[in-house]
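Asker: Which chain is which? The protein sequence lines are H and W, in order.
If you count by my numbering, then the first sequence holds residues 1 to 114, one letter each, in order.
If you count by my numbering, then the second sequence holds residues 1001 to 1115, one letter each, in order.
To be clear, the hints were calculated from the coordinates, so they are not data collected in a lab.
You may find that some hints are simply not true.
[To be verified] The calculated DSSO-like cross-link candidates involving lysine-lysine, where the alpha carbons are at most 27 Å apart (straight line), are:
id	chain 1	residue 1	chain 2	residue 2
1	W	LYS1068	H	LYS22
2	W	LYS1058	W	LYS1102
3	H	LYS22	H	LYS52
4	H	LYS40	H	LYS52
5	W	LYS1069	H	LYS52
6	H	LYS36	W	LYS1102
7	H	LYS18	W	LYS1068
8	H	LYS18	H	LYS52
9	H	LYS52	W	LYS1102
10	W	LYS1058	W	LYS1068
11	W	LYS1068	W	LYS1049
12	H	LYS52	W	LYS1068
13	H	LYS18	H	LYS36
14	H	LYS36	H	LYS52
15	H	LYS52	H	LYS19
16	H	LYS52	W	LYS1058
17	H	LYS40	W	LYS1102
18	H	LYS22	W	LYS1058
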Amino acid sequence: ETGVTQTPRHLVMGMTNKKSLKCEQHLGHNAMYWYKQSAKKPLELMFVYNFKEQTENNSVPSRFSPECPNSSHLFLHLHTLQPEDSALYLCASSRAAGTGETQYFGPGTRLLVL
Amino acid sequence: AQSVTQLGSHVSVSEGALVLLRCNYSSSVPPYLFWYVQYPNQGLQLLLKYTTGATLVKGINGFEAEFKKSETSFHLTKPSAHMSDAAEYFCAVSAANFGNEKLTFGTGTRLTIIP
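The task is simple: from the sequences and hints, build the whole structure.
Answerer: This is how it looks when you write it as structure tokens:
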């Protein structure tokens, strides 16, 4: 049982569209994460928020814009994406960032950019 | 800096046979090590993790892994494979120092169970 939900589960968008991915965790955690999972590549950490503050931006292009209004919600705003951004986007949460805390993952949003 | 190497992107075993998925890591500081499983159309689920203490770690679904510092390995095993074990398995490492929250994943191993 993950306690982390993501919506939508599937998304198709054109390169000029603006869309947002939503993540919600029901575990009382204070850290939230965005990962990108592409075929044949390791999971890539994109962003980390710890107590609503962004603590990691792993050189992510500005066409991806995260937002963390509170410890339970995390958004990923998308605009003018490229076809190579098509991937599975996973959200995760943990009690706090660092110190080996287990990260709990949501089911992901599968994004296709046309 | 840290990295993970998973040997074998695809592993097939017969039902009832031993499962062995290999993971080697590199880390400049003492590591925390994790195994996650991903079933089709789902997110990642934690199988087990090593932080400190006993080097043989038992996880869910009958899996276990042993941390071997001298070999920089954290291989995942299960004595008897079940059809429901078919999935993709990811090894991951993070640094055991406060504030470094970066979890580095391997490329994954897809496990197929042969009836």
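Asker: Is LYS1058 (chain W) within 27 Å of LYS1102 (chain W), Cα to Cα?
Answerer: With a Cα-Cα distance of about 24 Å, the restraint between LYS1058 (chain W) and LYS1102 (chain W) holds, given a limit of 27 Å.
Asker: Tell me if the straight-line CA distance from LYS40 (chain H) to LYS52 (chain H) falls inside 27 Å.
Answerer: Roughly 32 Å separates the two Cα atoms, so the pair is violated.
Asker: Taking only the CA atoms, is the gap from LYS52 (chain H) to LYS1068 (chain W) under or equal to 27 Å?
Answerer: With a Cα-Cα distance of about 37 Å, the restraint between LYS52 (chain H) and LYS1068 (chain W) is violated, given a limit of 27 Å.
Asker: Keeping to a limit of 27 Å between CA atoms, is the pair of LYS52 (chain H) and LYS19 (chain H) held or broken?
Answerer: holds (22 Å)
Asker: Could you grab the alpha-carbon distance between LYS1068 (chain W) and LYS22 (chain H) and see if it respects the 27 Å cut-off?
Answerer: Since the Cα atoms of LYS1068 (chain W) and LYS22 (chain H) sit roughly 39 Å apart, the hinted pair is violated (cutoff 27 Å).
Asker: Decide if the proposed pair is consistent with the structure: LYS36 (chain H) and LYS52 (chain H), CA atoms, cutoff 27 Å inclusive.
Answerer: Holds - the C-alpha atoms of LYS52 (chain H) and LYS36 (chain H) are around 20 Å apart, at most 27 Å.
Asker: For the pair we were handed, LYS18 (chain H) and LYS1068 (chain W), check the Cα-Cα distance against 27 Å.
Answerer: violated (48 Å)
Asker: Does the structure keep LYS22 (chain H) and LYS52 (chain H) at a Cα separation of 27 Å or less?
Answerer: With a Cα-Cα distance of about 15 Å, the restraint between LYS22 (chain H) and LYS52 (chain H) holds, given a limit of 27 Å.
Asker: Against the 27 Å threshold, does the CA-CA distance of LYS36 (chain H) and LYS1102 (chain W) hold or violate the hint?
Answerer: Holds - the C-alpha atoms of LYS1102 (chain W) and LYS36 (chain H) are around 14 Å apart, at most 27 Å.
Asker: Below or equal to 27 Å on CA atoms is what counts here, so check LYS1058 (chain W) against LYS1068 (chain W).
Answerer: Holds, at roughly 15 Å.
Asker: Please work out if LYS40 (chain H) and LYS1102 (chain W) have their alpha carbons no farther apart than 27 Å.
Answerer: holds (20 Å)
Asker: Given the hint that LYS1068 (chain W) pairs with LYS1049 (chain W), does the C-alpha gap stay at or below 27 Å?
Answerer: It holds: about 13 Å lies between the C-alpha atoms, which stays within 27 Å.
In this structure, the hints that do not hold are numbers 1, 4, 5, 7, 12, 16 and 18, in rising order.
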